[in-house]
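> Chains as they are written, first to last, in this note's numbering: chain G, 1 to 258; chain P, 1 to 191; chain A, 1 to 274; chain F, 1 to 824.
Be a bit skeptical, because a hint or two may be false.
Cut-off 30 Å, straight-line C-alpha distance, at most; resulting in silico cross-link-like pairs (DSBU-like, lysine-lysine) [as the list claims (entries may be wrong)]:
id, chain 1, residue 1, chain 2, residue 2
1, P, K112, P, K127
2, G, K175, F, K119
3, F, K175, G, K186
4, P, K142, F, K119
Here are a few chain P residues that face chain F, going by a calculated C-beta distance under 8 Å [what the hints assert, rightly or not]:
id, residue
5, G47
6, C52
7, A53
8, H78
9, K86
10, A107
11, M121
12, D123
13, Y129
14, K175
These are computed hints drawn from the structure, not numbers from a lab.
Just so you know, even glycine gets a beta-carbon here, dropped at the ideal spot from N, CA and C.
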Amino acid sequence: MARTLAMFTDTSLCIGCRACQVACKQWNELGLEVPEWTGGYQNHAHFTDKTYRLVRFVEAPGAKPNGDLAWLLMSDVCKHCAQAGCLDACPTGAIYRTEFGTVNINQDVCNGCRYCVASCPFGVVSFNEQTGTAKKCTFCNDRIHNGLGPACAKACPTDSIQFGFRDELVAKANKRVETLKGMGFKDAQLYGADSGGFLGGLNAFFLLLAKPATYNLPDNPKLPQRNVVVDSLLSIGSAVLVGLGAMLAFRERGKGGR
Amino acid sequence: MSLSRRDFLKYGGATATAGALGAGVDMLPVEAAAVSLKIKEAKAFAGVCPYCAVGCGQLIYTRDNKIIDIEGNPDTPHTLGRLCPKGAATIQLSNNPLRPTKALYRAPGSDKWEEKPIAWMYDQIAKRYYDAREKYFITKEKDKDGHDVTVNRLEAIASLGSACIDNEECYLLSKLNRTFGIVYHEHQARV
Amino acid sequence: MLKAPGWEMSIVWYFFLGGIAGGAYFTAAIADNFGSLRDRSVARVGYLLSLPLVAICGVLLIADLGVPARFMNMILHFKFWDPMSIGAWAVGVFGGFTFVSSVLSFTSSDSLASLRRKISLVGMLFGFFLAGYTGVLLSNSAMPFWGDSRLMGALFLASGASTGMAAVALIMFLSGGSAGEGWHKIEVADRFSMIVEVIVLGVFLALLGSAARPITSGHFGPLFWGGLVGAGLILPLVLNFFGGRVRALGAVSAALVLMGGFILRYVVVMSIQG
Amino acid sequence: MTTNLIDLQHSDVIMATSNMAENHPVGFQWVMKAKERGAKLIHVDPRYTRTSAAADIHVPLRSGTNIAFFGGLMSYAIQKNLYFKDYVVHYTNASFLLDPAFKTPTDLNGLFTGFDGTKKSYDRASWKYQLDGEGNPKRDLSLKDPQTVFQHLKRHYSRYTPEMVEKVCGIPKAKFEEVAKLYCGTSGPDKTGTITYALNLTQHTNGVENIRSLCMLQLLLGNIGRPGGGVTALRGHANVQGATDLELLYHELPGYLAMPLRDAHPDLKTYLEKETPKGGFWTNKPKFMVSLLKAFYDDAATKDNEFGYQWIPKRASADAYSHQHMFVDMYNGIIKGFLADGQNPAVGGPNAKLARAAMQRLDWLVVVDIFLTETAEVWKEPGKDPKEVKTEVFFIPAAPAAEKDGSLTNTMRLIQWHEKAVDPPGDVQTDAQFICTLAHRLQKMYASSKKERDKGFRAANFTYGAKPDHPEMVEVLKEVNGVATEDITDKEGKVLYKKGQPIASFAQLTDDGKTTSGCWIYTGVTVESPDGKLINKAASRKPADGTDYLAHGWGFSWPANRRILYNRASADLHGKPWSEKKKLIWWDPAAPGAKPEDKPGKWVGLDVPDFNAFLAPDAKNGDKPFIMRADLVGGFFGPLNDGPFPEHYEPIESPTKNLLSRQQNNPVAKIWKVPDQKNELAPVGSKDYPYVITTYRLTEHHLSGVMSRYLPMLAELHHSHFAEISHELAKELRIENGEKITVLSPRGKVHVTAMVTNRIKPFIIDGKTVHQIGVPWHWGWKGVDQLPGSKGDITNDLSATVGDPNVYIQETKAFLCNVKKGVV
């Protein structure tokens, strides 16, 4: 397995220009999509089968170090989780982990059962009606296998999206958090950088200037499949109960019989 | 220009991950070969973004006389290969179904366009220019003290634009308008 | 922010019929193995009912895929920890059992009959699985309420058993087969299942607390309380006590159980969509 | 801009008055780099934008009060002694003595001396220096003499106190003082700061004075010509700089040479006498003008016929032919035919309703564009019956940059060549192809003309390369650069240029017809290699490296590939860098001189000197960096049509009276009278139009939308045309976020979606609440059908036909409107 690649999105550098969103659309040839009213600049409201990179715009009064209004801008993307719900859910093997640690959907294998859609803790995976398959950020699989970085990271004017080896980026990210704390961003924090943390760490991790919830991110996302054993045992339990009930009802040994 | 490994090498250099991808790729020649890249066999041309005045260098990738991808040129010293959303969308200026590719004529009072041969259009436009000049050209005028002054001016035709065309084209338009006598001669810089 | 998978009516039907098929087959297997000769009618109805239902389940499952032609990709790829993967397998395998059992249910040869009984003991497990795994599948997703409900599988299984029995009972009633004591036994068995289901549902709701809101309140609330809890569980349970003597009431009870089983899957699946 | 985007990273404080993060995101990376180095970013803008989001401090100021703000900063710097004394004394005209008769608005209640109320113009007689015997300005290097420019400046801006700034601009005093302290801290040898601006400053009836006030602040703090300093003018179009250099402008000829006026410039001799200053680099103007005439008229331009000067049309008046004049005169029937080449005035210009009505009165209209714009389909305007529009319309489909060779000049004066990647489809024409083909057709029609007036046009060459209708762009660039019309030899008779060879430097252009140059400032962009090959420097692509952060090997930056203008000012009087940290160029006494026999000494460093490279600091004028100015120094005192010092006046439409003087508006501002109520104006403090409105642009769209509304990838990024309004105003008007509202002005109305946001806040002006709204202007009735939100009403239907008295730019950044809930 090759050294793990990652994307580090430093929201403190994001100017919300959405070059990443368009560069992604352009490279991956994703189609036109009618926007909905989100109350502000953000479009679209959610990840879709045609939007793999999505810049979020959040007005946070008083969140600037000097107490002024902050406009939190964040370029969101598939997290390529080390423990990926979509990957565990996929019954066909269409969703796989590349040697770089990214999570990808093989469009020629996916049969559109949509269990991955329901199994993504971030609402990333989306169903495409035209192809009948599940879609999400591929981490520009074709590019990274040919020596090019992801289209979004390449376009980003302010280095808000950085691409490289995960360990190097995490080190860099930790330094950056300290700098920002020094500048008075008291809530500056990394999201998904810790491979000991939730979902074994995210290969697309973030630096946030406020609590995850402010960005509409789960504080502590969990792997959906974590309860499969418990739930199965409980089901067996109820099977035994109804089974016994039925046996009692039909118990006939000796009587009549053969 | 040839499709640049330059692109990726520079890319690597432009981020904290110098050579990262090189390594990534060299580690996995088989993988690399296995996943095809649409611009691998494409021709690359040096472009300049046609939107704002930052002038971001672009790489325009083509195959069979069709643009298949446009991204930033990492060599560009003042932009380092980055683009904004408009720059990243440049491809749709060329590959766009809304784009007319035939000359169109709308007759006075008509409610529709008619496709016309380009040569016919030039003849007609030239005739309009000629007639207006012949009818309205001002050769001489009295100055404030009543002396005759040669002014060689044409006020019946106005020309507007453009900050979106090349320097050479701007010069040619200045040359045509000024040598033809046109004084209503402006472009976006005024507004 | 989370995304619903867009599983709708075809999946509701799949869950519902899959539950009946599993329940009916397991009822048949129990009757076949532990019941009297006179209970064979129950067994035969169970086997013969489960066969077409599993077939329909297969069709519904495949039809709901984005690319039905790639259904086999689920079978060719086996993931034992993935409910969706083994679920697909189970439908296939269980289908085989229902076929064999149905064919053998017509035999008069004792040896074949005993073979059938042995086979059905194994097939019964897959029946249980089909009835229950759909719940486990939902409870192992990222969706709120689904993912929070540890007892979804248990609940679906209990409901599957009782709807299976109710279906068999109803068929016997309609086909005039409700004369024998098989009818009485299945009424009793169904009573047990219903009691189990009521208990599981109670615990299910208690554990979920506010997380159960999607079904217990709002748009789906009335249907859940009235249609499932009231008319689909309590009422049939009450009627069931008289079902032994007044057969018509038993039949009504069975019909209500089926309705309840359908409503359960409907509210659970649909309350998350959109 | 005087500086270079790359150099922004060396600023200690950047004051963005434009919305740079949104309108120049890729250039903004250098601001972010400066910030990572610890620089501070101040954003001055009525709205809180994506630039404010990245800024350390956001300073909301009421639209149209920029001079009050900059004046306040200058006053602060002077009062608190924070200005860069050595720089101000030696590199500016602060020490020059002014005519005793000269008085400022401080004494004359908002007016300068010489105002003529009937003519609405100034007599500038008293706006001049006191001269000594040799005719040089008298100076007082102590700056103490009350007649010094400095003392006048100090007195003029003494009225611009923090309290006054708070009253006029609506900036709380504490915030203003915080910003003033921070920005004035960039004064001195070790620190520099830069200020960005765009149309936020230009689109006002005092647009030019706005920019002067910014430049004066920079001079006061010693920030011009130094690394991390300068004036960062951020232009909006890919080639608005080039189109300005090549002069697609009514008042000039390529290279910033005045367009002749009938009364002032009857012949070439008079023209050159009046237009050529006594000092500074412009003393070379005759060479530039004659070389241009030679480029236009070739061999037909000779000494005997004033090099064809009489063929150049002469303007009847200086107050005519500008963009706004154009559409008023078009409406009045003076203009019969109109070419719109890559511009969409139906949407993009001020008072767009008037512009459309004017175009609907034309005999004929030619539109050359990539898409079918609102201008091309002006006869299809919603609510208009095409039958009533008698205008004949010709549409020529045009090629975008990717489909042609050519050069574009960016906001850094950097000329960059782009390659043709694919052939244009169908009948699509390049603009050059269109212009040359049309010219050839016309020349054929005039071939037989014997008229003197036609000789010039007949002589002008429009054939470049082998294929007449497919001009060779490099050949055009070579003509712009200029060539020798005959062999040119030096005194010793050594051949410097053979006939036809490109000239290497504008210093070698001549006024005797031996050289051509289509635009002197571009001379040097093409040169000939020793082996006779043409080298196109615009196409040179050497990336930056450690030794050359300004990347002189990438493209060609006019003039003479200088990357930072006035860079002589980066060194002190004696030619040493003001500080090691801020060094750019310096005098190296040891370096060999121009010729072996000259005494050694040369300006060297990190940039091409914007100065005579061999003029020693102690030589005459060796200490005067501003070579383009007649007096060679930076000008605090700089006469314009509306005064030699910027003074605050309210916009033509304003919610308040001028709190600084009795003079409400710029007294010489241009206000057009247009028939049929096509240019109504709201009175001061109008009850019907109580709110201030400012128009602006978005990252995801481009200007009038021609290059964005038709592109799904961009058009889908905004839900619909919208207006940003504060929660406070929304509450007053009971408007919900996302509902449709109507914005009205005396000129028109638009229906848009209300975007209620924390990013807009009401101002407190002189104790009263003043609401301001913002409306982007990218929308028109055309777009992508599948994306209904890509189409919308035309914001410029609201703006007025009023203009700055110097350049006639309109006032679209500050005027009045009303807002109504729902569609009315």
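> Hint by hint, say whether it matches the structure.
Verification of the hints:
1. Of the supplied pair hints, the one linking K112/P and K127/P holds, its CA atoms being roughly 22 Å apart against a limit of 30 Å.
2. A threshold of 30 Å between alpha carbons decides the hint, and for K175/G with K119/F the separation of about 66 Å lies outside it, so the pair is violated.
3. Of the supplied pair hints, the one linking K175/F and K186/G holds, its CA atoms being roughly 23 Å apart against a limit of 30 Å.
4. Only pairs whose Cα atoms come within 30 Å are accepted, and K142/P paired with K119/F is accepted, the gap being roughly 22 Å.
5. Given hint, G47/P at the interface with chain F, holds; its Cβ is 5 Å from that chain's nearest Cβ, closer than 8 Å.
6. With a least beta-carbon distance of about 6 Å to chain F, the hint placing C52/P at the interface is held under the 8 Å criterion.
7. This hint holds: A53/P has a C-beta 4 Å from the nearest C-beta of chain F, less than the 8 Å allowed.
8. Because the closest C-beta pair between H78/P and chain F is about 5 Å apart, less than 8 Å, the hint holds.
9. Taking 8 Å as the C-beta contact cut-off toward chain F, the hint placing K86/P at the interface holds, the least distance being around 6 Å.
10. Among the interface hints, the one on A107/P holds; its C-beta lies about 7 Å from the nearest C-beta in chain F, closer than the 8 Å criterion.
11. Satisfaction of the interface hint for M121/P is found here, the shortest Cβ-Cβ separation to chain F being roughly 6 Å, below the 8 Å cut-off.
12. Against a cut-off of 8 Å between C-beta atoms, the interface hint on D123/P holds, since the closest Cβ of chain F lies about 7 Å away.
13. A hinted interface residue such as Y129/P counts as satisfied when its beta carbon comes closer than 8 Å to some beta carbon of chain F; here the least separation is about 6 Å, so the hint holds.
14. Annotation: interface hint on K175/P holds; nearest CB of chain F at approximately 6 Å, less than 8 Å.
In terms of the numbered hints stated before, the structure departs from hint 2 and from no other.
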